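Colleague: The chain contents come next:
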Amino acid sequence: EAGVAQSPRYKIIEKRQSVAFWCNPISGHATLYWYQQILGQGPKLLIQFQNNGVVDDSQLPKDRFSAERLKGVDSTLKIQPAKLEDSAVYLCASTWGQLRDTQYFGPGTRLTVL
Amino acid sequence: AQSVAQPEDQVNVAEGNPLTVKCTYSVSGNPYLFWYVQYPNRGLQFLLKYITGDNLVKGSYGFEAEFNKSQTSFHLKKPSALVSDSALYFCAVRDTGDNTDKLIFGTGTRLQVFP
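Listed in order, the protein sequences are those of chains E and P. Residue numbers 1 to 114, in my numbering, belong to the letters of the first sequence in order. Residue numbers 1001 to 1115, in my numbering, belong to the letters of the second sequence in order.
Don't take each hint at face value.
To be verified - Now the stretches of chain P that chain E is said to cover, found in silico as 3 or more residues with beta-carbon under 8 Å:
hint, region
1, 1065-1076
2, 1106-1112
Claimed, not checked - Short derived list, chain E residues pointing at chain P, Cβ under 7 Å:
hint, residue
3, 14
4, 43
5, 53
6, 61
7, 65
8, 81
9, 91
10, 100
11, 102
12, 107
13, 111
In short, the hints are calculated from the structure, not lab data. All of these numbers come straight from a predicted model, not from anything done at the bench. Backbone N, C-alpha and C fix where the C-beta goes; we use that ideal spot for every residue, glycine too.
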């Protein structure tokens, strides 16, 4: 089966600009996650969707980050305006939605904010 | 709160030798533990997981992990390392608290296998 797809793979922007990332999960997976991985650290959850509803966005900086999954399939994550500290790899993951499921990750988008 | 610790930033091993990458955990309730590997400019690839059952879990690419409840550890092992195993390894625990179902990751251990 096809894996989690993400685009773009790389993005360089200047601070205060906006940027958007796209994720298409594994077909049929109900749960979708966005993680932020800062260099030298493990990934940290930003937001979790169950179908098109938000389950957990407690770690999402809502003053600048937003995410949506309108039809319960693919998702976009937006940053507006970007700050230097947003430089990171943004990883998307998906599962069927059951408790013992494995999260499968996409290749990530590497964002550099200058 | 759930957490994992990876005490070693880097592990060096010669090709053909056994390798161990350490992970300890702290959870309330039953632990759901995972190992992922990350190659340069790639996402995280799932290696194996412990949910319940046998303490020795076998995974992809010849890796296995031993769950030890008394020592709260979940070390990753391989009997004979390959140069191609060189990568960044992450241990993770599943946090299924109120209104959440996420992975809590360690800081990662870089494995370097020398020819």
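Colleague: Take the hints in turn and mark each one as holding or not.
Modeller: Here is how each hint holds up against the structure:
1. 1065-1076: violated (count 0)
2. 1106-1112: Coverage by chain E holds here, the residue count being 3 at a Cβ distance below 8 Å.
3. 14: violated, 23 Å
4. 43: holds, 5 Å
5. 53: Hint on residue 53 (chain E): violated, closest Cβ of chain P at ~11 Å, above 7 Å.
6. 61: With a minimum Cβ separation of about 16 Å from chain P (threshold 7 Å), the hint on residue 61 (chain E) is violated.
7. 65: Status violated, d = 16 Å.
8. 81: Cβ of residue 81 (chain E) sits 26 Å from chain P, so the hint is violated.
9. 91: Holds - the Cβ of residue 91 (chain E) comes within 7 Å of chain P, reaching about 6 Å at its closest.
10. 100: Check passed: Cβ of residue 100 (chain E) comes within 5 Å of chain P, closer than 7 Å.
11. 102: Because about 5 Å separates residue 102 (chain E) from the closest Cβ in chain P, which is inside the 7 Å limit, the hint holds.
12. 107: holds, 4 Å
13. 111: violated, 13 Å
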